[in-house]
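K.L.:
Produce the complete structure using the sequences and hints provided.
In order, the protein sequences belong to chains A and B. Heads up: the first sequence begins at 1 in the working numbering, then just goes up one per residue. Heads up: the second sequence begins at 1001 in the working numbering, then just goes up one per residue.
Hints are computed from structural coordinates only; laboratory data are not their basis. Glycine included, C-beta positions come from ideal geometry on N, C-alpha and C. A hint or two may mislead.
[Unchecked claim] Just a few of them, taken from the derived set where beta-carbon distance is under 10 Å, the chain B residues facing chain A: (1) Ala1234; (2) Lys1370; (3) Asp1418; (4) Ile1469; (5) Asp1499.
[As the list claims (entries may be wrong)] Example chain B residues on the side facing chain A (calculated, C-beta under 7 Å, incomplete): (6) Phe1396; (7) Ile1398; (8) Gly1401.
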Amino acid sequence: MEDKIKNLKQQFEKDIRQIKDQKSYFTVEKKYLGRNGAIRKLFEEFANIDRESRKKFGFLLNQLKKEFIEKLNNLKVNFPQPTLKADFTDITIPPQQIKGNFNPLQEMIQKVQEIFWELGFSIYDSPHIETDYNNFGSLNMPKLHPARDMWNTFYLESKKIQDELLLRTHTTAFQVPLLKQYKPPFRFVNIGRCFRYEPIDNTHNIEFYQVDGFIVDKNLNLSHFLYILDQLFQGIFNSKIDLKISPSYFPFVEPGFEVAIKNPSQEKYLEIMGAGFTHPNVLKEAHINPRIWRGIAFGGGIERLAMIYYGIEDIRYFYSQDIRILKNIK
Amino acid sequence: MKFSLKLINQYLKPKLTFATVKKLLDNHLFESELITKTKDDYILNIEILPNRAFDLLSHYGLARELASLANIKTNQTVKFIEYKPKALIQTTKPFIKFIDESSNNLLRYSYLYIKNIKVIDSPPQIKNLLFSLGVKPINLLVDLTNLIMIELGQPLHAFDADAIENNTIIVGFPKQIEKLETFDGQIYDLDTSILTIRDPVKPLAIAGVKGGIKSGINHSTKNVVIESANFSVAAIRHTASSLKIGSDAEKRFKNGLDPKLTVLALTRFLELYFKYAPRGNYEFYDFKNPSLIYPKPKSINLSLANINSLLNTRLTVNHIRKTLNRLCFKIIKANKENLTVKPPYFRNDLHNERDIIDEIFRLMDLQNIKRVTYFSEVKKPIDLSKFKIIKNIRKFLIDNGFSEVTSYSSVSKNRLLDFYKENQFESFFKIKNPISLEFEYLRPTLYISLLQAVLKNIRFFDEFNLFEIGKIYSYDQSLRRHPYEENRLGLALYHKTSDNLQLIKMIRVLKGLIDAICSQWGKVQFVYRASDELDIYLRNVWCGKIMLLSSTINKKYKILGKTLMAELFLDKIIMLEVKKQKLYPFNKFPTVKRDLSIIPAHFRYEEIIKMIEDLNLNYLQDLQLFDVYIDKNKGFTSYTLHLYFGLNNRNVTEREVDADFKKIINVLQNKGIIIR
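P.N.:
The structure is reproduced here in structure tokens:
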């Protein structure tokens, strides 16, 4: 054992004299101090000898190890440092982050606008603060109409303005004012923020965006209607979308229905929109003769579209103002 | 509303399976959801929308509808078992007297007076059924009132007859404000507009909504009055909204109810009550308001052509006739092109042709509608390019390192106070019924939202840029009457630095970005307002502002870095005419460049430039800020400018340049500006 230690020491002295650069340094370090190095091997042999000598050689071996480390460390300091030439340019450095991050909700709004624009719709921005007449009365919901309960409304404190003002509960509030402004046939869409008095949770928010589109033309029928809806959803999702409609009720359309969509990768249909033929009373309200003209209308939440498109599970993320969330949409 | 399939099937022969019911509901009526499945029953939640609340908020009504649907859409023939009990006989001398003081807000008031009752528990089958439908079982009397409302849709209410003073029931309004504690322990202040059930001295119940605790049923009750009434929709809606109160009964009354149901429900009550309790004596009394005639369905004319052209179908008169027949319509007249039909008495939602088309629509196979290309030349009324401009701005900012935030329009009072004094609140919108104080006012500036966003991100990033495009709200300043809304672009730059040089860089970047955004409308002018505020003008129109976050706000929110914010009034900018651009003559001769380094003393940069410009020099053609240097030790800022001299028609000489340059130095030095 003693001899082995002696030999190893001699061998080590010889080896370190050969060290000239970083590379040979690491080879030697590995040979003696590595995981399968010589010192480790000696320690392993050690297990088989008697207790008395174990004490003795243990001390010797530990000292040897210490000595090796010290000698190697001394050598390290003396290596010549690699220098960069003055005109050296490292073209492998990473790019500077220039681009910022979009908000998925606003991106979806833009996407929907572009698709409607291509389908020949005019795009409108409409007021958030509305009258009771525009939000309800003009849409076949006079005061006391039971359907008003479907929307929980925020009212504004009055400042002696004749009409009571409220925050619109749906973009449809702008439908009659728009219809009154122009002569049919036309195709309009208006997208904007709406407000509802609802407890906030992961699928409900007090503020949200809605799209409301409508066409007024002669002889529009159900087959045209579904054609438009197909176009719309295929445009948004860039793929073939299964569309399902089921009967529903909205006071300003009749027949009214609910639209649910499913893309091939999903299992379940997701409700996405309310739609229907504009109620004759709404057309009359806008001085359009319902015997000549027919309207189709549809509307839905943009958040829901964006949640499906980007795989977002919490509606509050859109309003979180948190750059970390925005950065993670890749 | 929750429904029990077992209870529905009580009215159907043969009984329908769960699968059939679910399919019929989803495809042809309303959305439904299975809540629980028990040993022998299915509990479903069905969202009854307001148009059918009149006839479908009961198992009886839903069963009738399902029988019709099954007959049309399945091969089964399903019979609806109508509830046709024997008529009750009215007492001539009722023990409990009734007075109507409701000013036509009562349509019908029917009641039973039952003597010598015993308050006992309901049998387990009733308890279990109520429990699975979400109703807490209490005792037989109360449970039956609930059960019958669920079955037939008619709310019933049980009073302790001995708590009724003078044995007289009055339906009317309080003479002054009265307090009433309801059975659930709430105390309500009833003013003179709230319809109540009362005796000559006190209110007993809020009509159609909730009963009082004092006249409720308890273990010592001996005699009861079972009320089965029909109130006006207006009265119930008024009560519900002014007291902010609701109940299952209120839900049914506010949508209107068939007045025929009152007696039907009481008959059913007696039938069930005497099944489980010993038979005793009862009196029945029925009051019908003679001056109110309940509207009956009117006949409606249909044109086959209208139906087929809207639904793009080829239905025949025969088909429509058969379908409507099964929906219990009466066919009054029919020929090849037209029909006249009358809806059944239990439907209050069918008034015109379109309503009938809706009935035919919902019974179609909606999953297989063919598509027809829709194309029509529609000229767009005006090319509103707002969305395109916003699209470009978004892209420009995102590409230049800005992250887009979306914030709530409603903000708290505290946030408003960061930027406004309380006496300015006059012109802001306050929400009457905010969901919380955090969302009480409509923001009059995007600064509030931007500051909020900056504060949120400060913990995670040392440096960031944000923007938001959104609306602000205020009362129109000039008219003070109309609400004013405006789309604005808000920009915020944050850097965790205390270095003023960094801040100067940020200001230059921000101004440069604003300049680029607005370039298609003209040259942006930044006008000094205060040491930390600038106004932005485009073609002499005020279009925005820039601000440096004040040290007060920095201290308040413990912001260590520098924050710079700007707001551009997008709607105003978009209204401006786009500038017509053209090529201007440019200098073909070389220019001479001179550098000028100055310490501006107490002058602002724009003032110095004005001094130079006011000289109207012959040869100075351009002037650019090249470098800003801040000497922290000596405490001065210096600017280095590049000055370009030249002429458009020949080379400029050194002597000419020197003369101009000297004039500049002279004027600056005279004002006390140091030339380095």
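K.L.:
Each hint should be assessed against the structure and marked as holding or not.
P.N.:
To see whether the hints hold, each was checked on the structure:
1. Ala1234: Holds. Min distance 6 Å.
2. Lys1370: It holds, given that the least Cβ distance between B/Lys1370 and chain A is near 6 Å, below 10 Å.
3. Asp1418: Interface hint status for B/Asp1418: violated (16 Å vs cutoff 10 Å).
4. Ile1469: For B/Ile1469, the interface hint holds, since the closest Cβ of chain A sits about 7 Å away, which is under 10 Å.
5. Asp1499: violated (20 Å)
6. Phe1396: violated (10 Å)
7. Ile1398: holds (5 Å)
8. Gly1401: holds (5 Å)
Checked against the numbered hints listed earlier, the structure breaks hints 3, 5 and 6; every other hint is satisfied.
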